[in-house]
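Participant: Residues per chain, in single letters:
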Amino acid sequence: MTIIAIIVAVLIFWVIFSFNKLVSLRNQVKNAFTQIDIQLKRRHDLIPNLINSVKGAMKFEQETLTKVMEARAKAINAFQQGNIKEGFQNENIITQALGKLFALKEAYPELKSNQQVSQLMEELTGTENKITFARQFYNDITTKYNTQIELFPTNLIASMLGFKAFDLFELPKESAERETPKVDLTIS
Amino acid sequence: MNIYEQQSKNKKLTWIMLFVFIIFFIAIGAGFDYFYLGYTKTKYVNDTITTQKEFVPFATISSLIISIILIITSFSNGIKMIVSATGARPANFEDLKEKQFVNVVEEMSIAAGIPKPACYIVPDNDLNAFATGFSPDKSYVFITQGLLEQLNREELQAVIAHEISHIRFYDIRLMTVTAILMNAIAMISDMMARSLRRNSYSSSSSSRNRNSGGGILFLIWIILVILAPIISRMLAMAISRQREYLADAGAAELTRNPKALISALEKIRKSVQPTKNIKESVAHMCITDPRGSLIEEKSGFIADLFATHPPMEKRILALKVMAYEQSKAKA
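Those sequence lines, one after another, are chains A and B. Using our numbering, the first residue of the first sequence is number 1, and each one after it goes up by one. Using our numbering, the first residue of the second sequence is number 1, and each one after it goes up by one.
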């Protein structure tokens, strides 16, 4: 009788423990996604300012500039309608076009010396990086969560209580995003 | 080893350090009590004089109290003390370069999934950086003016990633506690040594007391008092050196760009001038030894014992291995 009681108690504790662990992981995943969202909004706000201040100088890049503005409009629209996938496709277009603009900055000395443009560029570069790193963190934490709900025996609780796997961000093929280095923390 | 194992290992190590140092305090204090303050009381019982030792562990208690007070004040005032000792000031958002620094710190804290640390600038032309705080929820990143001016954005990012890794691995807590205890030990053993000298000059009764205390025990205790600051420093250095490699690896993991840290470290290495504004008490928290000594470049037994950081050679080599494996994985 006592043995059964102990087993039941251990089981209950295990269920509580695993459930709480899954919930806190899931919240971290949601939090990570919010962070991406915040940075994307920040970029949407910054783009018109940048385009306006470089439009005059970058005469030969009008095509890229319009491309950025169009993709921005499409992305905002797609997110508003809840079409996440299309939204992120457009975000990728923005990332690439902006990367091109930043690289071209060197060819325009009057832009390089312009304080306001430099500040905007720095802000946008920072935001670009934040988006990249927020995605990186999202992918890391989501992989952890997804693994956790697939592993036995946690998967029993996960499926019973309706924990579902989240999608990872797939990086566009032609993007210059870096590969993960093999990091061995035991080196000494 | 992943980050969670790193964190729990560091938290455990922090407790072990605390424990070891408390034993140190008690040993030093108790020895002083035993050899010097064991009060003798003269009593008259049935017309015969008997001397009786009455044990009041005065020195043990006071050394513990002093260390506890030191720990409490360091935790509540530690950051103010560091800011005033280094002459640091908060980063200015109006300045383009400093804004970039703040942005980079924000980027790396997003990559690590921790709250953004406060950003400070140390007015010094040498290249150096350090992080401090008690937990990732409230942490601080300091860089020197020289570092801000001489590194490009990617290199700055790599250095910040190194500091953020110290924060997310809980190295900062371990190193803060170690630094406080190191100072406390130095202070107490200095006080003991001073009163030892005074006692042996002034009173002869206490030296008679000492003789009754047992020669070998006394010798061991004296050696402990003299060596305590050195031993605790060596302990702190050993921990610090190991953490540097891990923070380098952690930086590569966050930025996915070990090459940037290699070139940053090479720039830092070339500026051999000492960082004047950074005092020794925070030396082991910096990305490179602020004393600018050449001991860092040697890798022998003595260098291994007293260096706060592993030789740059070895750190760069470890990073180059990572960069190579990364390019291999890409191909």
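If you're looking for bench data, these hints aren't it; they were derived computationally from the structure. Please read all numbers here as calculations on a predicted model, not as lab measurements. Take the hints with a grain of salt, since some may be wrong.
As the list claims (entries may be wrong) - With a straight-line cut-off of 27 Å between C-alpha atoms, the simulated DSSO-like cross-links for lysine-lysine are:
(1) A/K100 to A/K164
(2) A/K21 to A/K144
(3) B/K97 to A/K41
(4) B/K12 to A/K21
(5) A/K21 to B/K116
(6) B/K99 to A/K112
(7) B/K97 to B/K314
(8) B/K259 to A/K105
(9) B/K320 to B/K276
(10) B/K97 to B/K328
(11) B/K11 to A/K21
(12) B/K99 to A/K105
(13) B/K259 to A/K30
(14) B/K320 to B/K270
(15) A/K55 to A/K67
(16) A/K100 to B/K259
(17) B/K314 to A/K112
(18) B/K12 to A/K144
(19) A/K144 to B/K11
(20) A/K67 to A/K112
(21) A/K59 to A/K100
(22) B/K116 to B/K97
(23) A/K21 to A/K55
(24) B/K116 to B/K138
(25) A/K21 to A/K67
(26) B/K267 to A/K55
(27) B/K314 to B/K328
(28) A/K41 to B/K320
(29) A/K41 to A/K30
(30) B/K270 to B/K314
(31) B/K97 to A/K100
(32) B/K97 to A/K55
(33) A/K30 to A/K112
(34) B/K276 to A/K112
(35) A/K41 to B/K116
(36) B/K116 to B/K11
(37) B/K99 to A/K100
(38) B/K97 to B/K12
(39) A/K85 to A/K100
(40) B/K138 to A/K144
Participant: All the hints need checking, so say for each whether the structure fits it.
Facilitator: Hints and how they fare:
1. Simply put, A/K100 and A/K164 have alpha-carbon atoms about 38 Å apart, too far for the 27 Å limit, and the pair is violated.
2. Distance hint between A/K21 and A/K144 is fulfilled; the C-alpha atoms sit about 12 Å from each other, no more than 27 Å.
3. Between the alpha carbons of B/K97 and A/K41 the distance comes to roughly 24 Å, so the proposed pair stays at or under 27 Å and holds.
4. Proposed proximity of B/K12 and A/K21 is supported: the alpha carbons are some 22 Å apart, at most 27 Å.
5. Under the criterion of a C-alpha separation no larger than 27 Å, the hint pairing A/K21 with B/K116 is consistent with the structure, at around 24 Å.
6. For the proposed pair B/K99 and A/K112, the alpha carbon gap of about 17 Å is at most 27 Å, so the pair holds.
7. With a CA separation close to 31 Å, the supplied pair B/K97 and B/K314 exceeds the 27 Å bound.
8. Restraint check for B/K259 and A/K105: satisfied, since their Cα atoms lie roughly 24 Å apart, inside the 27 Å limit.
9. Distance hint between B/K320 and B/K276 is unfulfilled; the C-alpha atoms sit about 30 Å from each other, more than 27 Å.
10. With a C-alpha separation of about 35 Å, the suggested pair B/K97 and B/K328 falls outside the 27 Å cut-off, and the hint is violated.
11. For the given pair, B/K11 sits about 20 Å from A/K21 by alpha-carbon distance, which is consistent with the 27 Å threshold.
12. With a CA separation close to 20 Å, the supplied pair B/K99 and A/K105 stays within the 27 Å bound.
13. For the proposed pair B/K259 and A/K30, the alpha carbon gap of about 32 Å is over 27 Å, so the pair is violated.
14. Of the supplied pair hints, the one linking B/K320 and B/K270 holds, its CA atoms being roughly 18 Å apart against a limit of 27 Å.
15. Restraint check for A/K55 and A/K67: the C-alpha separation of about 13 Å stays at or below 27 Å, so the hint holds.
16. A distance of roughly 22 Å separates the Cα atoms of A/K100 and B/K259; the hinted pair therefore holds under the 27 Å criterion.
17. Only pairs whose Cα atoms come within 27 Å are accepted, and B/K314 paired with A/K112 is rejected, the gap being roughly 39 Å.
18. With a CA separation close to 24 Å, the supplied pair B/K12 and A/K144 stays within the 27 Å bound.
19. For the hint linking A/K144 to B/K11, the alpha-carbon distance of about 22 Å falls within 27 Å, and the restraint holds.
20. For the hint linking A/K67 to A/K112, the alpha-carbon distance of about 22 Å falls within 27 Å, and the restraint holds.
21. With a CA separation close to 15 Å, the supplied pair A/K59 and A/K100 stays within the 27 Å bound.
22. A distance of roughly 18 Å separates the Cα atoms of B/K116 and B/K97; the hinted pair therefore holds under the 27 Å criterion.
23. A C-alpha spacing of about 51 Å is found between A/K21 and A/K55, which places the hinted pair above 27 Å, so the restraint is violated.
24. A threshold of 27 Å between alpha carbons decides the hint, and for B/K116 with B/K138 the separation of about 8 Å falls inside it, so the pair holds.
25. About 44 Å separates the Cα atoms of A/K21 and A/K67, which puts this hinted pair outside 27 Å; it is violated.
26. Pair hint B/K267 plus A/K55 does not hold up; C-alpha atoms about 37 Å apart against a cutoff of 27 Å.
27. Taking the CA atoms of B/K314 and B/K328, the gap is about 21 Å. The hint holds against a cut of 27 Å.
28. Using a Cα cut-off of 27 Å, the hinted pair A/K41 and B/K320 is violated, with the two alpha carbons roughly 37 Å apart.
29. Between the alpha carbons of A/K41 and A/K30 the distance comes to roughly 17 Å, so the proposed pair stays at or under 27 Å and holds.
30. A C-alpha spacing of about 15 Å is found between B/K270 and B/K314, which places the hinted pair at or below 27 Å, so the restraint holds.
31. Distance restraint check for B/K97 and A/K100: the Cα-Cα separation of roughly 23 Å lies within the 27 Å cut-off, and the hinted pair is therefore satisfied.
32. With a C-alpha separation of about 25 Å, the suggested pair B/K97 and A/K55 falls inside the 27 Å cut-off, and the hint holds.
33. Proposed proximity of A/K30 and A/K112 is contradicted: the alpha carbons are some 39 Å apart, above 27 Å.
34. A distance of roughly 34 Å separates the Cα atoms of B/K276 and A/K112; the hinted pair therefore is violated under the 27 Å criterion.
35. A hinted pair counts as satisfied when its Cα atoms are at most 27 Å apart, and A/K41 with B/K116 qualifies at roughly 19 Å.
36. Between B/K116 and B/K11, the direct Cα distance comes to roughly 21 Å. Compliance with the 27 Å bound is thereby established for this hinted pair.
37. Restraint check for B/K99 and A/K100: the C-alpha separation of about 23 Å stays at or below 27 Å, so the hint holds.
38. With a CA separation close to 39 Å, the supplied pair B/K97 and B/K12 exceeds the 27 Å bound.
39. Taken as a hint, the A/K85 and A/K100 pair is honoured in the structure, with Cα atoms around 23 Å apart against an allowance of 27 Å.
40. Straight-line distance between C-alpha atoms of B/K138 and A/K144 comes to about 25 Å, which keeps the hinted pair within the 27 Å bound.
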